[in-house]
Amino acid sequence: MKRAEEWIGKPMDRVDGRLKVTGGARYSADMPVNNVAYGFLITSTIGSGHIREMDTSEAEKLPGVLAILTPFHAPKMPKGSIKAQSSNQQTGSEQSGGQSGTSGAAGGAQQQGGRGSGQQSAHGSQFGQGSTGGQGGGQSGQGGPQSGQGGQSSGQAKRPPDRRIHLLQETDVFYNRQPIGIVVADTLDRAMHAASLVKVRYQPSSPSLSMKGEMHRAYKPKVAGGHQASPDSEQGDLESGWEMAANRTDHTYITPIETHNPLEPHATIAVWEGDRLTLFDATQGIFPARKRIADLFEIPVENLRIVTHFVGGGFGSKGPVWSHVVLTAMAARQVGRPVKLTLSRPQMFGPIGFRGETQQHLRLGARQDGVLSLVEHHGVVQTSVFDEFIESVGIATRMMYACPNIGTTHRAVRLNMGTPSYTRAPGEAPGMYALESAMDELSYKVGMDPIELRLRNYAEVEPESGKPFSSKSLRECYRVGAERFGWSKRTAAPRSMRDGNMLVGYGMATATYPTNRSPASARARLMADGTAIVQSGSQDIGTGTYTVMTQVAADAIGLPPERVQFQLGDTDLPPTPTSGGSQTAASVGSAVLLAGQALRSRLVQLAIGDRQSPLFGMSESEIVAHNGGIFLKSDGRRGEEFTALLARNGLPQLEARVDAAPGDEKTKYAMHSFGAHFVEVRVDPDLGQIRVARYTGVFGAGRILNAKTARNQFMGGITWGISMALMENTLIDPRTGRPMNADLAEYHVPVHADIPALDVTFVDEVDPYVNPVGVKGIGEIGIVGAPAAVANAVYHATGRRIRDLPITLDKLL
Amino acid sequence: MHPFSYIRATDERAAIGEVSATPDANFVAGGSTLIDLMKLNVMQPTHLIDINALPLTKIETLADGSVRIGAMVRNSDMAYNETIRSRYPVLSEALLSGASAQLRNVATLGGNIMQRTRCYYFRDTAMPCNKREPGSGCSAMEGINRIHAILGTSSRCIASHPSDMCVALIALDAVVHVRGPRGERTIPFADFHVLPGDHPEVETVLEHGELITAVTLPPLPFATRSHYLKVRDRASYAFALVSVAAALDVQQGTIRNARLALGGVGTKPWRALDAEKALLGKRAGEAAYHAAAEIALRSAKPHKHNAFKVELAKRSLVRALTTVEAIV
Chain Z
1 MKRAEEWIGK
11 PMDRVDGRLK
21 VTGGARYSAD
31 MPVNNVAYGF
41 LITSTIGSGH
51 IREMDTSEAE
61 KLPGVLAILT
71 PFHAPKMPKG
81 SIKAQSSNQQ
91 TGSEQSGGQS
101 GTSGAAGGAQ
111 QQGGRGSGQQ
121 SAHGSQFGQG
131 STGGQGGGQS
141 GQGGPQSGQG
151 GQSSGQAKRP
161 PDRRIHLLQE
171 TDVFYNRQPI
181 GIVVADTLDR
191 AMHAASLVKV
201 RYQPSSPSLS
211 MKGEMHRAYK
221 PKVAGGHQAS
231 PDSEQGDLES
241 GWEMAANRTD
251 HTYITPIETH
261 NPLEPHATIA
271 VWEGDRLTLF
281 DATQGIFPAR
291 KRIADLFEIP
301 VENLRIVTHF
311 VGGGFGSKGP
321 VWSHVVLTAM
331 AARQVGRPVK
341 LTLSRPQMFG
351 PIGFRGETQQ
361 HLRLGARQDG
371 VLSLVEHHGV
381 VQTSVFDEFI
391 ESVGIATRMM
401 YACPNIGTTH
411 RAVRLNMGTP
421 SYTRAPGEAP
431 GMYALESAMD
441 ELSYKVGMDP
451 IELRLRNYAE
461 VEPESGKPFS
471 SKSLRECYRV
481 GAERFGWSKR
491 TAAPRSMRDG
501 NMLVGYGMAT
511 ATYPTNRSPA
521 SARARLMADG
531 TAIVQSGSQD
541 IGTGTYTVMT
551 QVAADAIGLP
561 PERVQFQLGD
571 TDLPPTPTSG
581 GSQTAASVGS
591 AVLLAGQALR
601 SRLVQLAIGD
611 RQSPLFGMSE
621 SEIVAHNGGI
631 FLKSDGRRGE
641 EFTALLARNG
651 LPQLEARVDA
661 APGDEKTKYA
671 MHSFGAHFVE
681 VRVDPDLGQI
691 RVARYTGVFG
701 AGRILNAKTA
711 RNQFMGGITW
721 GISMALMENT
731 LIDPRTGRPM
741 NADLAEYHVP
751 VHADIPALDV
761 TFVDEVDPYV
771 NPVGVKGIGE
781 IGIVGAPAAV
791 ANAVYHATGR
801 RIRDLPITLD
811 KLL
Chain A
1 MHPFSYIRAT
11 DERAAIGEVS
21 ATPDANFVAG
31 GSTLIDLMKL
41 NVMQPTHLID
51 INALPLTKIE
61 TLADGSVRIG
71 AMVRNSDMAY
81 NETIRSRYPV
91 LSEALLSGAS
101 AQLRNVATLG
111 GNIMQRTRCY
121 YFRDTAMPCN
131 KREPGSGCSA
141 MEGINRIHAI
151 LGTSSRCIAS
161 HPSDMCVALI
171 ALDAVVHVRG
181 PRGERTIPFA
191 DFHVLPGDHP
201 EVETVLEHGE
211 LITAVTLPPL
221 PFATRSHYLK
231 VRDRASYAFA
241 LVSVAAALDV
251 QQGTIRNARL
261 ALGGVGTKPW
271 RALDAEKALL
281 GKRAGEAAYH
291 AAAEIALRSA
301 KPHKHNAFKV
311 ELAKRSLVRA
321 LTTVEAIV
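Note that the protein sequences, when read in sequence, are chains Z and A.
Once you know that position 709 of the first sequence is 709 in my numbering, the rest is easy, because the numbers rise by one and skip nothing.
Once you know that position 21 of the second sequence is 21 in my numbering, the rest is easy, because the numbers rise by one and skip nothing.
These are calculated hints, taken from the structure and not from any lab test.
From a predicted model like this one, the values you see are computed outputs, not experimental measurements.
This list has only true hints and no planted wrong ones.
List time: in silico DSSO-like cross-link candidates among lysine-lysine, alpha-carbon distance up to 30 Å:
{"hint": "1", "chain 1": "Z", "residue 1": "20", "chain 2": "A", "residue 2": "39"}
{"hint": "2", "chain 1": "Z", "residue 1": "811", "chain 2": "A", "residue 2": "304"}
{"hint": "3", "chain 1": "Z", "residue 1": "10", "chain 2": "Z", "residue 2": "633"}
{"hint": "4", "chain 1": "Z", "residue 1": "83", "chain 2": "Z", "residue 2": "212"}
{"hint": "5", "chain 1": "Z", "residue 1": "199", "chain 2": "A", "residue 2": "39"}
{"hint": "6", "chain 1": "Z", "residue 1": "212", "chain 2": "A", "residue 2": "301"}
In isolation and in its complexed conformation, chain A is listed as follows (with noise of 0.2 Å):
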């Protein structure tokens, strides 16, 4: 690990201006991210503000019905927080599917919107890497790619996004809140990671110096029919290598509206517009599932290793909406 400075902000804006005053500052929140990277050489911050006696640990909902979560928040205590589980299920059984107890009780629900990819390149200085060293090449793309993403790739990187949280967050529409030295502003949640495109090393529109300081849930009664499904290598303690957040409103048997969202496959948490229209009006019931499958995966660009997720994840998609479809 490089040497570091580190401070504990007691204050947002204290906070905030030490980060942008220092080119190469990072926040630190729970750190299951960073400090691992750290501890890696893979992220090399001089300068750490740790922002965990900051006060946004709150969980409320707003007037209007949306629910808004304070960046600090746990992911544990989100994860059973009854307002959470009761109308945003997916987002509950997200967080109860990611890591493990012990992450969840430090990781922060700013924090994970941050999460970076578990690509073995990434996370191995020895090899070249885009994402991390601009311009160095793509190890994924002839190596080994079994955990890579097949949806918004680019000729320099294939890594997938890695959270299961966001997964859920994108597929309900939330908005992030963000501080920065000039001022607040809030981005849809689609809009907040970007594809990696020619620059893998831009994962998000967050600028240096913004703290995020809270997300919304906007009001979605349907989404209490609403499920997480996630299928990975072992039964706990493992990234998905396909996942699936899934709500439906379904009356009388016909689709009224529907949110579908990809993890583990995406370069970025993969929000499935194109399936969810093409969910609208039908029947619910497997057909509609299957046809909303094969377009949620249209443009799936799979490598060596990573062929199968393309099938996986049409069958997941499936039996994600023929779960939500159930729940009564």
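Only chain Z is shown next, with the shape it has when bound in the complex (with noise of 0.2 Å):
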């Protein structure tokens, strides 16, 4: 049957809208837990160094106060240890080897980035061998056998490492504001207070907090983050390809610490029945947490239930199992009673995650006709002394153009710092920052056109595998990005454009992100009134899944959305990968569709199956599914209602459940959204002072489920790439490693004023592909592109090239 696409697309407005906006919608700090306690973290103030002693004694003292967990008197927990890496050491996957046994085998459980799914490819198998299980074992030193290979049986989809997390099992300090306690009272304010009261003696060592200076230690790491591919690359001739440049660009880009800060802090209720653990928790995988916890109490994964009905927003930082989620269970068992823990905003500075810093070396050359015959990228990435994350930024660039000659490498440096994690578009934010920024760079040198000189080198298929793109539209959105923004009013001379006094810049960057999706299961019920539930675990971190949902079901079983309710956040629901890499629409969204569809033919069969219905002996390709009936396509009057056909056959319900997977299209093809990005800048050429004027963004990718969560998602994304161009940056004390502006006063993100209407639009992709649903994925591919573009248009516009962001007035005096 063919898909009626009544909804799909529609800008509907969001079904928990009008919940958000009266307050009705409960995050997880917010759901009614009975006799609930408070816990507060305590944290390390120093950046490396042992604990010697903590006073707990006043603060016990303190009315109120129920428990105060510490290094010297936590509970045992075999498999949450850590160790320091050495610095030149490639850190395994597992906080402990006897853990990777079981974390292997996720089934439909993806960690955040999820790009091992489905992507068996040579990037998904290095990660396979390398760093599961022995690396892990041997390094943490305990907690049982080093079975981790066991971990990867069955080929089944694998997914990324968990992040090792401090659960007061050592009293080593790696990094500054460390978990190193928890404090649990009845009251928050008690609790608060009891922790500021605990004194800390520390033995403290020398911190590594420079990448500039540990640089002579920098390692190749066994894989590239995220994207689990392999660290370096080439391609053709490097040497050569320099030789025979007529025109070549040579520098190094630095873009800094950034932290996501959602709004919505990260949260956790945890309550035990016996050994039964619920936890309402603000996580963006709620499969992959239940396993990771589990495993750690050593509970089986069917004893602990994860609720998550709303995200306040994750961006990365609420992928992976932090170690605060871990310690409020542990509090919780301790004190016999639930307990509730938020981390103050200070809190998320460090310990769950933030984007490492990253130094770009980047080499370009072009023919005189301006056809590249040289890129390399070389990317060097912070990441901590006691786990192993790479922020892949070279990735991108081994498939953005076609060039005979392309040379990637990733290197790491280990600092005392927390771990850093996903983060937005994790490798391709900050690595198409100083891709695009060097063709803009190359465009001066050649005498082109930006847009130009992108189209001279543009990739027809897959420079690295040589596959063909699923779809492609990155053409169109330069040309209809021109339009819109009005490209052709720009005179190419830095400095030649003003508005008065004002200088003014175009700028323009070229935007990417794969196209994920991990397998996830869905379930369609129809009930007698007509209504349908459909379920999937899942979470909305904010982007409308609840919304989007509803539409790919009401079309997929042929109801208004009215009659939709769509369910999600729960691990007693049908399981699901992490919302993290774009990819649940795709995963999450082929499910619901399946599901709907299944339902929907399981209607048509009762129906064609039913001597008393209008619809007896038909076949199902005759029949259409539309507003809570079946009808022939070819006459309309003859069909019927879901609930009469229901009710003569004394059905309470109609259910479905599929379970859905991608199959091999990533084999055959390369998967990947694409973009545009144009910016106009205007920079008082006296105080430095730079106001982004004007912006439009086109996008290919794949189908759009809703043009309204859409666009808002693509704003976001776009919002936080002229942020990351022009004010984030996680100041960080050179002597303790302590994030010094660590609220959302002193660490910059833009307000209103700071960003204009931004002009937002899709070009039509249809993608027979990449799965059932269509989509491409649209969560990262917003911020990709968007700090160049705006680097790029302040160039333009003051003849500066800042080439280590944010890019501040003062870098402009």
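Make one complex out of these two single chains by using the hints.
Put into structure tokens, the structure is as follows:
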């Protein structure tokens, strides 16, 4: 049966919009739990060393204090200990060897990033062979047999490593603001007060804090971060590519530490009933979190339920399981009552990941006519001294431009800071800042319009793999974007455009992000009253999952959306992957679509086999489902309502469940979204103040499920991209490694006045190969390229090329 | 937050009595600084006396032409007051450039005068800070100091004063009225805040138990040509990297009188008196402004990350004066 698309694509209002604006939406910390006590973290104030003593006596005397867990008397958690890594050593994937036996076989569960699944290419297997198992077990030195290899049984979806987290199992301090204790009291104020009274005596050592200072100890990681790709790649002959170039650029680009800062701080409520645990947790991945946490507590996964009805933004920071979640559950068990813990805003700087600093060396060479002869991209990124995360900056460079000679490398430097982690478009966001800045620089060298230079090097097939693209509308994005923006009004020379006293600059850059998909399941159930309940574990991290899944289900079943209730955010529902890697719409959307279609098919089958049905004896292909009924295609008057069909057959409900998974499409096609950014900036020539005046973003990202929520996501991505270009910078104290601007007054993100009306459009793109629902994912691509477009516009306005972000006014004076 | 007791005062005398009687007591008005710092354990008063009910909310023009503003007047009410807008636009602009609409709705005149620094190290009890904990050392000196002061610093402290309003008030020669256990007194605004010197923990001449009751603005006819320029890292809700309050009295192209004050660069609201003097009698124009800017920044002592403020402050002074000159 052909899909009737009445609701998919419509700019439908958010189904949970009213709940959200009236305060009715319950985020994790809002969940009503009886007799709940309050936890508050104690975090370290040195960057490296050991804890000698934690004096809790004064804190314990306070009324209402129920427990204070420290490394000196926290319950033992054999799978939760951590050791430092030697500075040039690769890190294993697991916190302890014993764990990896289970965490590899994650079933439908994908970690944030989610690129392992369905991507059984050379990239995927790198991870599988490399870092799960032996490495981790050997390094952590305890926690059972090195059975990690078993984790990769059956070639099942491989998930990236869990983050190593501090669970009060050792007195080592590896970074500033590392969790070193948890206080539980009967009120939040008392818990916070008690935490402030705990006196910690340290034996500090000198922390490694500077990328520059540690550069000589940079090492080659096994895999390039979330992409799980090989750290190095080389095609063609790099040296001859450099030699034959008539035009060259050779520069290093730096991006600083950026901290996610979702509006909703991380929060958890832990409720134990015997050895069964319920967690209300602000997470982007209920199923991976369940696996990880059950494993640490050594309880069966069935004993752990995670509920997450609303997430107030995650941006990657709520992907992995972090210390506070496990410590809250540990504390709840200790005090014998439910415990709620919310991170304070300063505590969100360090212990829950961030985008690490990157230093990227780009060498581009082009012939006289602009055709690339060389693309080299060498990234050095920070990781922690106890774990490894690699911001895979060079990955997009491998697939962006047609060039015979492409080389990329990734190296890492261990610093005494928290472990960096997934941050919106990990890899691509800083990587494409560097590549697209370098392309802009090259355009001036060649003397060619930046769009023309890109078209001259347009990749018709994926350069690294040679695979055809499942679809690629980048050419159209450039064209439409240039037209909407008025790119033709740009005069090429820097500092050549002015408005009164203000310098005006136009900049553009390319966006790209891979299409990911993981196994996901969904259930669709039609009730006797003609409404449907559609369920899929998942989580809505603010992107509009509730809404778009309602639309997909409505079309798939043949119901108006107001008669569809979509439920998510509960591990009791069918399993789904982490909402990360822009994969939820593709993964969950496909499952919901197929489950809805299966339900509709059951209804049709029921009717055509039912003598009393007006459709008796028809074939399925002759029938359409629409507005709560099924009808003959050729005669819309012949058919019946779902309710009548169920009632006549004595069915209180009818259900279908589907386990959906990607096939081999990624072996045949290169699957990516693309887009183009166009920016106008105004720069005060004396004071250096930069304002973004106009913005156009055009994207080709497969089917757009909801024009309104999609536009919203692109706007969010672009806004963060502008923020990355002009504002964001986590300031680390050079002696103690402490993030010093750890609040929203001093860690700058744009306010409304910084962002003009954003012109966001999509080009029509039908991709029959990516997945059943035809989407490519839009969560991350909005940020990719935006920082470069802004930086390029600043150069065009001022003639100043700033190669270290953020471009603050002092750099332009 | 540490536990504290709280009462709501209904008259000045009782409020002053309450604070005077308790060493660790504080008045609280809008609370936008104090409550914030209490949450961070930076300030730990044991007793709070809420003065929000005190009737210090009038803005009135006195017989001598000066304007008296009650200490409890909210920043937004002051900014939009017709007298302030027309006679002292620099003050209205300074107020509206500060904080956010929500904060301006609660923040008061008296509270804003008592606003404390945004130095990262002052606000984080994990780090040494002479202002918060005398003698513990200054972390900013060798730490992250992009937002810190370049004027009025000492070897003990380089924290900048964060208020926008105060920059306008010092430029306008405001007078602070206070009332304490021993009665009332007035303090010229320029004398109200003190340099950090060896005691950065002492920020004002206010004595314990003294309450700011009002500020008067002397008549200053040429202040109708005044302007507040704020240079910052984002368009709103950011503290000044550099700000300038400027007023000019230009007659037949000659500067007869000038007022200049700087924010974001001083350890206290910074009046540039020498620069003002240098402008007197000069032809209005960029040459004079540049010369004045050089003088204003003569004693600047930058640190590792804030050297740009010297140049930025000079350019901002020139820009602000140029802008004022153009006001008809």
